[in-house]
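Spelled out, the chains give:
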Amino acid sequence: MRFRIIFLLFVIFSCSKKEKYEAIQLFGHAGNGLNISNSVYHDNSENSIKLALAQNGCDGVEVDVQLSKDGIAWLFHDQNLEKETNLNSCINSLSDEEIESLSYNHFNDEKLIKLKDLQLKGKSVVLDLRHSNSCENKVVDVNQMIVEIELFRQKNSESEIYLNTNYLAWLTPLQSLNLKLCYSPSENENLDEIVNTYGVKCFLFKNQEITKERVETEKNKGNEIIIFEVRSPKGIRSALNKYPTIILSDDVKAAIVEKF
Amino acid sequence: MKLIFLFFLALFSFCLSAQGNSTKKTQFLDSNVSFSNSLRYNKLDFYFSHGIQIEKEKLKNEFGLGFGINKTIFQQRINPEFYYMLSSNFRNDNLIDFQLVASFHLNFYNTNRNKREIHFFNELLTGFKLEMGKKLKFHFQAEIGLFSESFHSDFYSKNLFLLDFTYSAKMGISYAF
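Protein chains in written order, with this note's numbering: chain G, 6 to 265; chain W, 5 to 181.
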């Protein structure tokens, strides 16, 4: 009898009500998650993005944007292609034709996709803009990036688009797009100075690098806070309890379960 | 606290098995019957389950019911699992029993507490199983196979079906009556 009571308590405990997180938006990191062992699809692939957007409760996706040698924006996370495609090169050093011939090292043999082919159908997106061509040690042309983002915006006019960069020199030119502009600060960087100088009101932080108090302080100043590197259920709970604006989760389903 | 709940739940099931020991018949329609408790790991979660195994000649049919530990306890979302397993004795020297196994698992959970948004997960697996012991047996099982997930997407207004490869490792104990 005692064990049955414990079992009943267990069931009741399972049904206990959670805190309210309605105001927090959940986005899939690099589609449906970055470096997830149980992921059906590769990060930043078309199927991965579609799967994240398909899940009820997922408000959008974050994707990584890099320009090819021909100036077309492609979605790819790493600086070098070798680990994911076996080709030792960078997106910025290859032509579109060369990138089109590549596939991810994944059993689904997925292709890399262009930013302009991304269909959000009203859901939101964070475009993580990569400024560096590490193969040639050069900075990518921001004006060409702006052209590509404009093209993407025209095709996804109903979606809210956040732009993110960790390169201060890009903040001023990117403001011409009049989209939500975010910045990934390095450690000990003064956010107030960035807000005052560049008018940026959105910042990205790793979950372990920001406290609940800091999120609250920044939100009180009118800044939006996006938290990433949120993977395990424990990490997701910790991120939710900081009440940021957006969480970029590597496990979208687990994040939905925790939020709702 | 959650681990304590899990411990008591496991204890509860052991007690049920022990209780059954004194009341159940040793044979059921000319078959050997045994009960098992096991812990299984796959790409989704750890599952704790109870099973009943009916052995007739070289074939063993096992039906079981369990739950996903992380989902149910740590994420507070009830995640039941049902399975059916068919195994055949490949080698039996009375102490160590080597079996070929095929199994089907179904589990599901609701991702949203406020409305019905159920994700269904199916696994079709095959592999091997090692059993050690006579009446009280310890078993280990390793399998690979196909995994599917299905759910209704409001965004695309249709049911989605995903297929992938998967793996499973299971260990547990069983008692033959």
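A few of these clues could be false.
Computed far set for chain W versus chain G, every beta-carbon distance over 10 Å [unchecked claim]:
hint, residue
1, N74
2, K139
3, A180
Between beta-carbon pairs, the in silico distance windows are [to be verified]:
hint, chain 1, residue 1, chain 2, residue 2, range
4, W, L167, G, K224, 35 to 43 Å
5, W, K139, G, Y248, 52 to 60 Å
6, G, S106, W, L140, 18 to 26 Å
7, W, L69, G, K224, 42 to 50 Å
8, W, L167, G, Q180, 38 to 46 Å
9, W, L69, G, N113, 49 to 57 Å
Here are some, though not all, of the chain W residues that point toward chain G, as calculated from beta-carbon distances under 8 Å [what the hints assert, rightly or not]:
hint, residue
10, F94
11, D97
12, N163
13, L164
Derived by calculation from the structure, the hints in this document are not laboratory data. Since the model is a prediction, treat every value here as computed from it, not as a measurement. Positions of the beta carbon are idealized from the N, C-alpha and C atoms, including for glycine.
Against the structure, the hints:
1. N74: The assertion about N74/W is violated, with a minimum of 7 Å to chain G.
2. K139: Answer for K139/W: holds, closest chain G Cβ roughly 24 Å.
3. A180: At roughly 23 Å from the nearest Cβ of chain G, A180/W sits farther out than 10 Å, so the non-interface label holds.
4. L167/W <-> K224/G: 35 to 43 Å: This hint holds: roughly 42 Å between Cβ atoms.
5. K139/W <-> Y248/G: 52 to 60 Å: This hint holds: roughly 56 Å between Cβ atoms.
6. S106/G <-> L140/W: 18 to 26 Å: Check failed, 59 Å falls outside 18 to 26 Å.
7. L69/W <-> K224/G: 42 to 50 Å: holds (46 Å)
8. L167/W <-> Q180/G: 38 to 46 Å: holds (45 Å)
9. L69/W <-> N113/G: 49 to 57 Å: violated (33 Å)
10. F94: violated (30 Å)
11. D97: This hint is violated: D97/W lies away from chain G, its Cβ roughly 37 Å from the closest one there, beyond 8 Å.
12. N163: Because about 10 Å separates N163/W from the closest Cβ in chain G, which is outside the 8 Å limit, the hint is violated.
13. L164: With a minimum Cβ separation of about 6 Å from chain G (threshold 8 Å), the hint on L164/W holds.
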